[in-house]
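Spelled out from the first residue to the last, the chains are:
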Amino acid sequence: MAKRIDISGLSAYYSSFRAIEDISMAIEPRSVTAFIGPSGCGKSTFLRTLNRMHEVTPGGRVEGKVMLGDENLYGAGVDPVAVRREVGMVFQRPNPFPTMSVYDNVAAGLRLNGSYKKSELDGIVEKSLKGANLWNEVKDRLNKPGSGLSGGQQQRLCIARAIAVEPNVLLMDEPCSALDPISTLAIEDLISELKERFTIVIVTHNMQQAARVSDRTAFFNLSAVGQPGKLIEIDDTERIFSNPSVQATEDYISGRFG
Amino acid sequence: MDISTKKSDAPPSSPLPADLSAAEQKRAARGATRPGDRVFLGLSRGSGIFLLVIMAAIAVFLTYRSVIAISKNESNFLTTFEWNPTAAEPSFGIAVLAYGTVVSSIIAMVIAVPIAVGIALFITHYAPRRLGGAISFVIDLLAAVPSIVYGLWGALVLAPHLVGLYGWLDDYFGWTGILEWQGGAPRSLFTVGILLAIMILPIITSVSREVFRQAPQMHQEAALALGATRWEVIRMSVIPFGRSGVISASMLGLGRALGETMAVATVLSPNFKIEASLLDPNGGTFAQNIASKFSEASEMGRDALIASGLVLFIITLLVNGAARAIIARRAEYSGANA
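Protein sequence lines correspond, in order, to chains D and P. Take the working numbering: the final residue in the first sequence is number 280, and no numbers are missing along the way. Take the working numbering: the final residue in the second sequence is number 345, and no numbers are missing along the way.
Keep in mind the hints are simulated off the structure, nothing from the lab. Just so you know, not all the hints are guaranteed correct.
What the hints assert, rightly or not - Distance ranges between label pairs, derived from CB positions:
hint: 1; chain 1: D; residue 1: Y138; chain 2: P; residue 2: Q189; range: 51 to 57 Å
hint: 2; chain 1: P; residue 1: L259; chain 2: D; residue 2: E50; range: 26 to 32 Å
hint: 3; chain 1: D; residue 1: S172; chain 2: P; residue 2: D44; range: 50 to 56 Å
hint: 4; chain 1: D; residue 1: Y138; chain 2: P; residue 2: V67; range: 57 to 63 Å
hint: 5; chain 1: P; residue 1: G55; chain 2: D; residue 2: V103; range: 32 to 38 Å
hint: 6; chain 1: D; residue 1: A200; chain 2: P; residue 2: F180; range: 35 to 41 Å
hint: 7; chain 1: D; residue 1: R278; chain 2: P; residue 2: R137; range: 56 to 62 Å
hint: 8; chain 1: D; residue 1: N135; chain 2: P; residue 2: L138; range: 30 to 36 Å
hint: 9; chain 1: D; residue 1: Y138; chain 2: P; residue 2: L50; range: 52 to 58 Å
hint: 10; chain 1: D; residue 1: R278; chain 2: P; residue 2: G49; range: 40 to 46 Å
hint: 11; chain 1: D; residue 1: G97; chain 2: P; residue 2: L172; range: 39 to 45 Å
hint: 12; chain 1: P; residue 1: D44; chain 2: D; residue 2: A200; range: 31 to 37 Å
hint: 13; chain 1: P; residue 1: F88; chain 2: D; residue 2: Y138; range: 31 to 37 Å
hint: 14; chain 1: P; residue 1: R336; chain 2: D; residue 2: G173; range: 22 to 28 Å
Unchecked claim - Here are some chain P residues the structure puts well away from chain D; computed CB gaps all over 10 Å:
hint: 15; residue: F129
hint: 16; residue: L148
hint: 17; residue: Y179
hint: 18; residue: M225
hint: 19; residue: H226
hint: 20; residue: A235
hint: 21; residue: S244
hint: 22; residue: L325
Ideal Cβ placement from N, Cα and C applies to all residues, glycine included.
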């Protein structure tokens with residue numbers, strides 16, 4: 023259930039401030055696309071336009087087209103709630119619902135979408151937790167609060183929660199930036215497994231991580247503070263890190279600025 | 008700069024020097040070795056002790072006078088339906104008062120809590136910022152109205168306007184017995200409950216509003232990203248987060264409802280009867296009974312009233328204890344550990 027995303031002429035605003043300008047790119051299904059770039063260049067903002075979370079921010083507004091398969095997410099009459107059920111998201115800080123158990127966290131999205139029999143729900147929860155490589159660690163404490171897990175486990179719980187509803191796309195906004203190296207490795211391994219089933223887009227500040235997990239990499243930059251962020255280039259990860267076609271990309275990945 | 012040089016020149020002081028006495032070490036472990044710490048420790052501990060002393064003083068006073076009164080009582084203090092502490096054979100009981108206090112407060116809570124939670128959620132999650140601010144302001148103003156004004160308004164404006172509602176309740180629910188109306192003036196425990204609900208609305212709303220406002224953005228976004236509607240976001244992440252706060256807020260409101268004096272005394276005329284129907288103009292509450300009798304009471308009469316005050320004190324303690332138990336039971340899931 024992975025779909026291709028085609029973005030054309032996309033700009034996003036915070037009230038009158040244009041945060042990203044005229045972005046067009048294609049994101050391939052069953053692959054990992056990484057967004058890199060200096061802070062403030064609009065990577066996260068762009069990511070949040072892909073599941074219509076940007077407009078939740080007061081003053082947030084989007085122009086342009088995002089085609090998921092053959093459906094425009096910003097078309098007239100498209101319900102943002104329905105979009106978010108198709109495009110899952112994992113955030114920078116692990117955010118399991120603190121008032122829910124491990125089980126209920128994973129089942130949360132399913133319960134929003136409809137009613138399931140207990141046995142069905144059990145099956146999906148187990149499958150999702152296994153899919154997030156968390157099952158063995160939590161199978162004896164499914165009814166304990168999700169907030170009692172370690173940071174890395176919480177983040178994998180959030181991934182399990184996101185994949186439980188079988189989205190077409192999984193967006194990850196710096197999913198490892200609050201985690202230690204071992205937890206980070208666990209998440210990276212997981213991303214490689216998940217790309218068999220989902221279209222994955224990941225924002226990261228860690229260029230080694232982008233190089234390790236992604237198939238394609240997009241580099242974003244802004245000409246000055248207060249200017250909108252732009253897509254500089256997108257290419258196969260290997261090319262971006264060995265022989266990028268734009269000088270600014272090379273400067274950034276080799277640490278000469280940013 | 009001066010200060011820092013001074014400090015580094017001073018002999019190095021380890022946090023727990025070995026030559027301190029046991030008591031000093033204990034104090035050091037609490038972080039109270041420097042003068043500022045010691046002063047603050049003393050102040051905060053003093054405030055805590057002061058509070059306990061006041062509570063104890065109230066309890067001792069109430070208990071002492073109550074024992075005097077109850078020992079002279081010729082009938083059962085808990086089950087008697089009359090109040091004659093000055094008769095040759097004193098006979099008084101709190102049954103009617105306890106019933107009236109608890110029932111009117113329950114009615115008030117049933118009405119006020121859902122409305123207050125609704126207003127708080129509207130202010131924090133639905134209303135445009137400016138409208139929310141305006142509503143908050145008006146709600147807070149309600150809290151500043153003196154209770155005697157509420158009482159007068161309740162007796163002169165609210166009660167006469169409830170005739171229609173009373174008739175409707177009697178028509179449709181009269182058969183249950185508890186909402187049967189004989190046609191008297193609509194000044195009953197039910198009216199008192201409605202009035203109390205309006206009075207406790209501001210405190211419950213304000214506290215709930217502050218709690219809901221602090222519901223973490225990251226959990227609301229988590230719900231949104233799963234495809235939750237606005238109401239589902241509130242149900243999944245805001246209400247569970249605010250739950251214990253709303254309970255605490257309700258307890259503050261309940262405390263006020265249980266102890267409200269002037270407003271109740273203005274609306275309800277004390278009458279030592281319990282009727283099945285909430286719409287019957289009989290009954291009374293602890294605070295109302297004390298307020299209406301205290302100024303003209305003899306010494307024995309006062310002691311009897313104080314005894315009834317002790318019961319109110321105990322009821323309040325029990326209710327607060329129960330609320331704390333409810334909050335503690337789910338502390339693991341409170342959201343405070345996120």
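Hints, one by one, checked against the model:
| no. | hint | result |
| --- | --- | --- |
| 1 | D:Y138 <-> P:Q189: 51 to 57 Å | holds (53 Å) |
| 2 | P:L259 <-> D:E50: 26 to 32 Å | violated (57 Å) |
| 3 | D:S172 <-> P:D44: 50 to 56 Å | violated (35 Å) |
| 4 | D:Y138 <-> P:V67: 57 to 63 Å | holds (59 Å) |
| 5 | P:G55 <-> D:V103: 32 to 38 Å | violated (49 Å) |
| 6 | D:A200 <-> P:F180: 35 to 41 Å | violated (56 Å) |
| 7 | D:R278 <-> P:R137: 56 to 62 Å | violated (48 Å) |
| 8 | D:N135 <-> P:L138: 30 to 36 Å | holds (33 Å) |
| 9 | D:Y138 <-> P:L50: 52 to 58 Å | holds (57 Å) |
| 10 | D:R278 <-> P:G49: 40 to 46 Å | violated (59 Å) |
| 11 | D:G97 <-> P:L172: 39 to 45 Å | violated (50 Å) |
| 12 | P:D44 <-> D:A200: 31 to 37 Å | holds (34 Å) |
| 13 | P:F88 <-> D:Y138: 31 to 37 Å | violated (56 Å) |
| 14 | P:R336 <-> D:G173: 22 to 28 Å | holds (27 Å) |
| 15 | F129 | holds (17 Å) |
| 16 | L148 | holds (27 Å) |
| 17 | Y179 | holds (34 Å) |
| 18 | M225 | violated (4 Å) |
| 19 | H226 | violated (6 Å) |
| 20 | A235 | violated (6 Å) |
| 21 | S244 | violated (6 Å) |
| 22 | L325 | holds (27 Å) |
When held up to the earlier numbered hints, the structure conflicts with 2, 3, 5, 6, 7, 10, 11, 13, 18, 19, 20, 21 and fits the remainder.
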